[in-house]
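Engineer: Since each chain sits alone in its own frame, please combine them into the complex, following the hints.
Spelled out, the chains give:
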Amino acid sequence: MLALANHQVLRDSPGSCSYSVYLGRKLLLFFLTMHGLGAFALITMGVIWRKFNVAAKVVHPHIRQEIARSGTALLPMFLFLALALGFLIVGQTVSTLARVGAGDYLGTMMVIVVVRELGPLLTAMLVLARVGSANVIELGTARALGEVEALEALGIDPVHYLIMPRVIGMALGVFSLSIYLIIGALTSGYLFAFFQGAPMTPGDYFHQIADALGWLDFALLALKTLAFGFLIAVVTCYNGLAQPLRLEDVSRVAVRAVTQGIILCVTLDAFFIILYAIT
Amino acid sequence: MQNVTVSAMRDDSFVVLKNVDWKVAPGEFWVLGGPQYSGKTDLLMLAAGLVSPVEGSCRWMGMENVSTGDARLADRLRMGLVFQGGQLFNRMSIAENVALPIRYRDDLEPDRVAPEVAGLLDAMELSFCAGSSPMQVAANWRSRVALARALILKPEILLLDNPLSGLGGRHRAWWQDFLDQLWKGHPWLDNRPLTLVVTADDFGPWQSSSRRFALLHDGRFQNLGSWMDVARSSHPALPELLPETP
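Those protein sequence lines, which keep their order, are chains H and W. Residue 20 is where the first sequence starts when you use our numbering, and the numbers rise one by one after that. Residue 105 is where the second sequence starts when you use our numbering, and the numbers rise one by one after that.
Derived by calculation from the structure, the hints in this document are not laboratory data. Glycine included, each C-beta is placed from N, C-alpha and C at the ideal position. There's no promise every hint is true.
Distance ranges between label pairs, derived from CB positions [said to hold, decoys possible]: (1) W/Arg195 / H/Ala148: 17 to 23 Å; (2) H/Ile297 / W/Glu159: 50 to 56 Å; (3) H/Ala148 / W/Leu346: 54 to 60 Å; (4) H/Ile108 / W/Pro219: 54 to 60 Å; (5) H/Phe290 / W/Ser269: 50 to 56 Å; (6) H/Thr298 / W/Pro219: 55 to 61 Å; (7) W/Arg195 / H/His226: 33 to 39 Å.
So here's chain W without its partners, still in its complex pose (with noise of 0.2 Å):
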C-alpha cells in the first residue's frame, strides 16, 4: 500500500486512516495493534480486497485491484479472512459452513468434499461439533469454525481479525500454537508457511522477535518494526496496548 486513505466499511464517506504505507513481504508475520475504532477491521478489510481505497495505490501480490470483478477471483482468493467473531452462517451446520468455500469455488456436491472438511475439523479439535449449528455453539468455538472456514481453501496469506478476542485461557494458547503452526507450515497447507496479519487490542499475547508490530493511532499507521522496536518505542499510545508494561 502506497499513501493509502482508508475508509470505514460501513460508510465510505467517513476516513479513518490516511497515508498507509504497508508492505507486506512473504512469510512474515504482522501484528496490527490500535486501540478500538482506530480502523483495524477496515484496514484488514482493504487489505483482504473487500473494500476499495479512497486514495492511493494498493498492490496485492504484484496485481492492482483485485477487489472488483470475477477475474481477479482466484487471485483474491490466495487470501483469507477471518473475521472477528466468526460470521458464520446461522442456518448451515459447522461442517456446511466450513465445506461452502469450496464446493462453490469448485463445484462439488457434498460428498465431494466431506473426507476433506473432517480431516481439517479434526485437525482443528472440531468434530465434536460438526453436525451443531453455529448458535448452538459457544464463542470461543466459532472463531475457531471460522479459521478452518478460511483454511479450506489453503490460501497463501491469512488475515486475521482480533483472533484472541474474547477467548478463555485455554482457547487463546490454542490459537497461539495454532498460528504459530500455520506460519512456520502447517501439514494442512503442505508445510508452506503461512503469510500471517493479525489485528490486536493488546500486543502482550503477541510478543515474539520473529513478529512485525504497527500501530493505528489517530488516523495514521505507523510501522514499529520488531518487538525489540516495539519496547524501545516511547509512543504514547504504546502503553494502552502493553497493559504489563510498567
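Chain H with its partners taken away, still in its complex shape (with noise of 0.2 Å):
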C-alpha cells in the first residue's frame, strides 16, 4: 500500500524544469512499479499454487472462458496473420536466400527468425493489445464500481477469482497461439515462395528447418511464450485491480498498463537472446 501511495504522489506532483528532479522521479517510478509488479506477481503464484483446486466448480469454468478468449477465439486472427508473415517475410526471405545460392542457410534464418523472435513476440503483442487492454479496463471498471470490495466482502479472494483464471488464461493462450503463427507462418512463407519459383521441395524445405531446431529451441519456446503470457496479465491485472482506481482514470492506466506490457515483453525477449546467446 505504501508503494502504491507513493506513486500517486509521485504522479501527482507538479513537474519541475529541473531535469535531475524529472530523470529522479522517473527512476523512482520505475522502481516502485516494477516493486508492485514482483509483489503482485508473487502473490499471484502463491494464490496459483495454493488455490488452484478451491471452489474448483465456480473457478475452474472461468479459467476455461479466458483460454478461450486469450486463446481460440484469436485463431482466426492469427490464421490470417501467419498467412500475411508468410507471404511478407517468410516467403521473401525464402525466395531471395534460395535465388543467391544461400539456401543451405534457411533452416537457421527460419528458426531465428520466426521461430525463437517473430512468432512469440508477434503473438505476445497481439494478446496484449487485443485482451490485456480489455483486461485492464474490465478490471479497472470493477475495482472503480467497488465490485472487488464486495467480493472481498462475500469472502471471495479477488486475485483467485478475477486473475487465476486471467493468468492461466493468457500464459496458455500466448503459447498455443505463438505454435500456430509460427507454423502458419512457415508453411504459407514455403507456398509463397514455391509459387515464385523457388528451387526447393518442401521436403528440401522442412528438412532443414527440423535439422537447424534443437532441443533447447522447444523448451525456450515453450517458456518464453508462456513467461510473455503470464507477464501480460500480471501488468494488465495489476494496472486495474491492484490501486484504486476512479472511471475516468480507466483508460489512462489502460495506456500505461499496455506500454509496460511492451516494454516488459521486449526486456523479457533481450533475456532470452542472451540465453539462446550462452546455451
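Structural biologist: What follows is the structure, given as C-alpha cells:
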C-alpha cells in the first residue's frame, strides 16, 4: 500500500524544470512499479499454487473461458496473420536465399527469425493489444465500481477469482497461438516462395528447418511464450486491480498497462536472446 | 472496538474517525448517523473486517483481526455486508449474483443452489428479475438484490450501508419492514434474530425505542443511546439528521 501511495504522490506531484528532478522522479516511479509488479506476481503465483483447486466448480469454468478468450477466439486472426507473415517475410526470405545460393542457411534463418523471435513476440503483442487492454478496462471498471470490495466482503479472494483464470488463460493462450503462428507462417511462406519459383521441394524446406531446431528451441519457446503470457496478465491485472481507481482513471491506466506490457515483453525477449547465446 | 482510529478505505493515510469505542451486543439494532463524508462507510468496512484499524483494538465475536488471512474467513462470513448501491457484478444475472457467495464457499454447481436461490428471491419479491442483468433492473431493486446476496450465507450480523438511500416510498417501507423481520427472526434464518447495524443520513425513518443510535461527526463517534436519548440530546449536528424535528 505504501508503494501505491508513493506512486500516486509521485504521479500527482507538480512538474519541475529541473531535468535531474524529472529523471529522478521517473526512475523512482520505475522502481516502485517494478516493486509493485514483482509483489503482485509473487502473490498471484502463491494463490495459483495454494488455491488452484479451491472452489473449482466456480473458478475452473472461468479458466476455460479465459483460455477461449486469449486463445481459441483469437485463432482466426492469428491464421490470417500467419498467412500475411508468411507471404510478406518468410516467402521473400526463402526465395531470396534460394536465388542467391544461400539456401543452406534457410533452416537456421527461419528458426532464428520466426521460431525464436517473431512468432512469440508478435503473438505477445497481439494478445496484449486484444485481450490485455480489455483486461485492464474490465478490472479497472470493476475496481472503480466497488465490485472488488464486494467480492472481499463475500469471502471471495479477488486474486483467486479474477486474476488466476486470466493469468492461466493468457499464459496458455500465448503459448498455443505462438505455435499456430509459427507453423502457419512457415507453411504459407514456403507456398509463396514455391509459387515464385524457388528451387526447393517441400521436403528440403521442412527438413532444413527440422535440422536447425534443437531440443533447447522447443524448451525455450515453451518457457518464453508462457512467460510472455504470464507477464502480460500480471501487468494488465496489476494496473486494473491493484490500486484504487475512479472510472475516469481507467482509460489512462489501460494505456499505461499496454506500454508497460510492451516494455517488459521486449526486455524479457532480450533476456532470452542472451540465454540462447550462452546455451 | 476500543480507542480505534479509522482511515478512509480509498486512502489509508487519511484518518476519518478517532477514538472510537463501540460495542455491539448480539440481537441489537444499531443506527449510525452522520452527514456525508463523516466516515460511516469506512467504519462499516472496518466493522466488516475488510480493513484494519490504524490504531486501537478491534475484536469480532471475541476474535482479533478477522480482516486478514483465509484462516479467519469462516468467522468473517458470520458478518454480512450490504453496500450502498448494491455493488452487484454486472456480468452476471441477478440469480447468479445471489448464488455466487454460496457456490464459492461450498464449491457447488449452479444446479445445486438453484432451489435455495429461487426461494430467497421469492421471499424478497425478486423472482421477476432473476434472469436479468443488474443493469436492466432499477436501482431500487438492485439494493434489494445486494441484501439477498448477503443473506444467502445466513450471517449472524448484518451491516448495511445507507440502505434507504435513494429509495422510493414503497421500497423504503418494504426495507424497514423486512429489516425488522430479520432483527426479530425471519424464517429464512430459521427464525434466529439477526444483529443489525445500518448507517443513515437521516435518523427519522429509523426511530424506534428498541434501536440504538450513534452519531459520527467531526471525526468523532458518539454513542447517543436509545431513541429517547436522541430526542433529548442537544448535539448541534442532530437537527441535520432529524429534518422534521423543530
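Engineer: Given the range 50 to 56 Å, decide if the beta-carbon distance of H/Phe290 to W/Ser269 lies inside it.
Structural biologist: Given range 50 to 56 Å: holds, Cβ gap about 53 Å.
Engineer: Does the beta carbon distance between H/Thr298 and W/Pro219 stay inside 55 to 61 Å, or does it fall outside?
Structural biologist: holds (59 Å)
Engineer: For the hint 17 to 23 Å, verify it against the beta carbon of W/Arg195 and that of H/Ala148.
Structural biologist: Taking Cβ atoms as reference, W/Arg195 and H/Ala148 lie about 22 Å apart, which means the hint holds.
Engineer: Verify the CB-CB distance for H/Ile108 and W/Pro219 against the hinted window 54 to 60 Å.
Structural biologist: holds (59 Å)
Engineer: Note whether the CB distance of W/Arg195 and H/His226 lies within 33 to 39 Å or breaks it.
Structural biologist: violated (50 Å)
Engineer: At the C-beta level, are H/Ile297 and W/Glu159 separated by a distance inside 50 to 56 Å?
Structural biologist: Hint holds: Cβ distance 53 Å, inside 50 to 56 Å.
Engineer: Starting from the range 54 to 60 Å, see whether the pair H/Ala148 and W/Leu346 falls in it by beta-carbon distance.
Structural biologist: holds (56 Å)
Checked against the numbered hints above, the structure breaks only hint 7 and satisfies the rest.
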